[in-house]
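K.L.:
First to last, the protein sequences are chains V and A.
The first sequence begins at 1 in the UniProt record's numbering and counts up one residue at a time.
The second sequence begins at 1 in the UniProt record's numbering and counts up one residue at a time.
Any given hint might turn out to be false.
[Stated by the list, open to error] Pairs of lysine-lysine, DSS-like flavour, derived with a Cα cap of 25 angstroms:
1) V:Lys14 x A:Lys68
2) A:Lys255 x A:Lys152
3) A:Lys133 x V:Lys43
4) A:Lys152 x V:Lys47
5) A:Lys338 x V:Lys14
6) V:Lys32 x A:Lys134
7) A:Lys130 x V:Lys47
8) A:Lys68 x V:Lys47
9) A:Lys325 x A:Lys339
10) A:Lys325 x A:Lys338
11) V:Lys43 x A:Lys152
Don't read these hints as lab results, they were simulated from the structure.
Model, not experiment: these values are computed from the prediction.
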Amino acid sequence: MRLLTHNMLSSNIKGVEKGFPLRIEAEKVVEKPVEMNADFLRKMFEKVEWKAFLEASRSMGYAQLPEEVDSGMLESDEFLSRFHHALLELHLEEGALVCPETGRRFPVNKGIPNMLLHEDEV
Amino acid sequence: MALLATSTIAFKTINTQIRSRSFLPAQRHLPLSSSPPSSSFFRTVSVKAMELEQKNPMVIDENGVLKKGIAEFYDESSAIWEDIWGDHMHHGFYPPDSTVSLSDHRAAQIRMIEQALRFASIPLAGDERKWPKKIVDVGCGIGGSSRYLSEKFGATAIGITLSPVQAQRANALAAAQDLANKVSFQVADALDQPFPDGQFDLVWSMESGEHMPDKAKFVSELARVAAPGATIIIVTWCHRDLGPDEESLKPWEEKHLKKICDAFYLPAWCSTADYVRLLESLSLQDIKSEDWSPYVAPFWPAVIRSALSWKGLTSLLRSGLKTIKGALAMPLMIEGFKKDLIKFAIITCRKPE
């Protein structure tokens with residue numbers, strides 16, 4: 001699971017007010033290089049919830065992203081390449097996504113999160 | 001010809017043996033507005049549920065049983081489908097009364113996607129500012145639609161399925177097609193989508209609605225994750241609309257659908273009109289629906305022919321009981337269409353701005 005995906009997922013357990021963002025428990029993180037596409041990155045920059053992304057990338061062991069961002073930074077190759085790396089090249093292979101309110105763990109196996117709820121969580 | 005004749009006889013023999021085993025609790029196909037089921041219905045359900053609980057110490061829970069069945073059915077059968085039919089697990093769209101060969105089917109499946117987009121008034125080439133940028137594929141199979149739509153629109157697509165095997169395969173295909181940065185798949189329930197509200201500008205459900213045990217919840221989740229101004233496209237199997245004097249389908253129709261439900265892990269069916277009513281109740285706009293049954297007529301005969309081919313038969317025999325049972329139910333789909341009981345429906349709408 002890439003961080004681009006993590007930025008779209010939330011906990012939908014019954015009664016949870018704020019299920020986003022899910023905390024990451026990383027057991028196995030794999031880096032898979034992929035070609036950078038600056039246009040795509042610029043489009044994604046508009047959509048990404050930055051704080052959640054920053055926190056998530058730290059959980060994955062990458063701490064090179066700035067705290068505050070603005071679209072001016074998209075002109076910098078250095079920034080783009082760090083953004084690209086964190087967004088698309090870090091994969092959570094094994095671990096869990098944790099509901100911020102209830103602490104419930106959604107397991108991640110072979111890179112795929114299992115977001116199915118139990119009967120009593122619906 | 002001899003092979004076909006022998007195969008057909010084998011088909012019918014295995015058919016009668018296997019069809020008598022029911023994998024799911026009894027169901028009736030109730031219109032959404034009907035009165036509660038009768039007590040005999042509950043008795044049958046509870047007996048079946050007790051049998052299942054004895055085999056598997058889970059909490060007695062029909063929907064849980066159904067979801068598990070769906071996941072296992074697709075875990076078991078997706079590879080064999082993909083091997084013969086490719087990565088689109090939906091009907092093709094054919095000009096009426098056409099004769100088609102197997103090689104036309106992939107083009108027809110693509111045409112189904114394109115026709116659905118057109119029906120929903122998604123702008124075609126030239127008006128790219130109005131194209132969707134974030135797509136959710138609800139009941140994504142092995143991701144054929146997600147990858148196609150992502151490539152077409154340059155959008156991100158996220159797909160959800162109950163089947164871990166499908167999610168795995170879908171991600172692998174995305175990686176192989178260089179789309180892994182735009183398209184991803186997870187295991188999740190369409191009735192409880194793991195997304196915050198208003199995330200997506202295209203909400204896509206291609207032939208997954210028929211698996212949803214709670215149509216109201218299904219539709220309300222589609223609406224919830226849709227962003228203001230987003231388009232929702234549902235392509236699904238329905239039963240015929242009920243007449244103004246009808247409370248429910250006729251007994252033979254209920255029985256017929258039940259056999260199909262058993263084999264394909266489907267809950268009770270509803271009608272196209274039921275979907276329209278649900279969308280209306282959520283104040284969605286520009287609601288349109290159409291019966292596309294005439295455009296899918298060649299599909300099931302083609303699937304049966306492919307199942308009876310040498311490759312099809314050997315794959316089926318290697319697959320598993322669930323897949324075989326599903327394959328044996330295919331003639332029931334053809335019969336259902338012919339008798340105007342089963343409808344292939346498209347329903348689209350827009351979330352208000």
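K.L.:
Among all the numbered hints in the text so far, which are the ones the structure does not match?
P.N.:
2, 5, 8
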